[in-house]
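Chemist: Just so you know, the protein sequences line up as chains U and P, in that order.
Just so we're aligned: 78 in the working numbering is position 78 of the first sequence, and the numbers increase by one with no gaps anywhere.
Just so we're aligned: 10 in the working numbering is position 10 of the second sequence, and the numbers increase by one with no gaps anywhere.
Certain hints may be false.
Claimed, not checked - Derived lysine-lysine pairs resembling BS3-like cross-links, with alpha carbons at most 30 Å apart:
1) P:Lys14 to P:Lys57
2) U:Lys69 to U:Lys49
3) P:Lys70 to U:Lys68
4) P:Lys95 to P:Lys57
5) U:Lys42 to P:Lys14
6) P:Lys95 to U:Lys98
7) P:Lys71 to U:Lys49
8) P:Lys83 to U:Lys49
9) P:Lys70 to P:Lys57
10) P:Lys95 to U:Lys49
11) U:Lys49 to U:Lys68
12) U:Lys68 to P:Lys14
13) U:Lys42 to P:Lys71
14) P:Lys14 to U:Lys98
15) P:Lys95 to P:Lys70
16) P:Lys14 to U:Lys49
In case anyone wonders, no lab produced these hints; they're calculated from the structure.
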Amino acid sequence: AQSVTQLDSHVSVSEGTPVLLRCNYSSSYSPSLFWYVQHPNKGLQLLLKYTSAATLVKGINGFEAEFKKSETSFHLTKPSAHMSDAAEYFCVVRRASKIIFGSGTRLSIRP
Amino acid sequence: DGGITQSPKYLFRKEGQNVTLSCEQNLNHDAMYWYRQDPGQGLRLIYYSQIVNDFQKGDIAEGYSVSREKKESFPLTVTSAQKNPTAFYLCASSKTGDTGELFFGEGSRLTVL
Chain U
1 AQSVTQLDSH
11 VSVSEGTPVL
21 LRCNYSSSYS
31 PSLFWYVQHP
41 NKGLQLLLKY
51 TSAATLVKGI
61 NGFEAEFKKS
71 ETSFHLTKPS
81 AHMSDAAEYF
91 CVVRRASKII
101 FGSGTRLSIR
111 P
Chain P
1 DGGITQSPKY
11 LFRKEGQNVT
21 LSCEQNLNHD
31 AMYWYRQDPG
41 QGLRLIYYSQ
51 IVNDFQKGDI
61 AEGYSVSREK
71 KESFPLTVTS
81 AQKNPTAFYL
91 CASSKTGDTG
101 ELFFGEGSRL
111 TVL
């Protein structure tokens, strides 16, 4: 069975400081993993994806994530937060037609 | 440009009325999905379709219906049997296979008056 857990429902950081959004997953097989971002009243936009190639994945807008099989984690990071990063972030695990969404992490940025 | 188009963006409905949300994609994707999102919550799967003329219920299919007569189109009908239809509805599509990411539309917000 597959599952995904986003460990923080809300993260608040100051502008210019690093961002860390945590995601743990469980899967019987090697899954595909994704991070999406959602701004208010908008659809979800793909930030990055892991599909069993390089374990460090670079995405758009300066985000990156590292796949750690031993820790079953896929945490999202960014070196320096920008005000425009304020949004909801979703970690997603996929195996064939089974797609599981995390419950989301709301990222707030303090000026 | 390729993408997914949802319409209408906002929709108001009186209790007891059926409404249909449109979802069209020009990405040539086989699979299409409908999700419901409530405030502060994640996404819940309503229906999905992996091929024309075939679809499967998701986790919260009661009170909803879909059709898949064309590859490009996957309309969702919210029926009067759905007791709490006010929500944000998201349509998505993907290639088949276990590595394909989902591509999302901009969403439709339904409010029951």
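Chemist: For each hint, tell me whether it holds in the structure or not.
Modeler: Hints versus structure:
no. : hint               : verdict
1   : P:Lys14 to P:Lys57 : holds, 25 Å
2   : U:Lys69 to U:Lys49 : holds, 15 Å
3   : P:Lys70 to U:Lys68 : violated, 41 Å
4   : P:Lys95 to P:Lys57 : holds, 19 Å
5   : U:Lys42 to P:Lys14 : holds, 24 Å
6   : P:Lys95 to U:Lys98 : holds, 13 Å
7   : P:Lys71 to U:Lys49 : holds, 25 Å
8   : P:Lys83 to U:Lys49 : violated, 36 Å
9   : P:Lys70 to P:Lys57 : holds, 18 Å
10  : P:Lys95 to U:Lys49 : holds, 15 Å
11  : U:Lys49 to U:Lys68 : holds, 14 Å
12  : U:Lys68 to P:Lys14 : violated, 49 Å
13  : U:Lys42 to P:Lys71 : holds, 24 Å
14  : P:Lys14 to U:Lys98 : violated, 34 Å
15  : P:Lys95 to P:Lys70 : holds, 16 Å
16  : P:Lys14 to U:Lys49 : violated, 41 Å
The structure does not agree with the numbered hints 3, 8, 12, 14, 16 stated previously, though it agrees with the rest.
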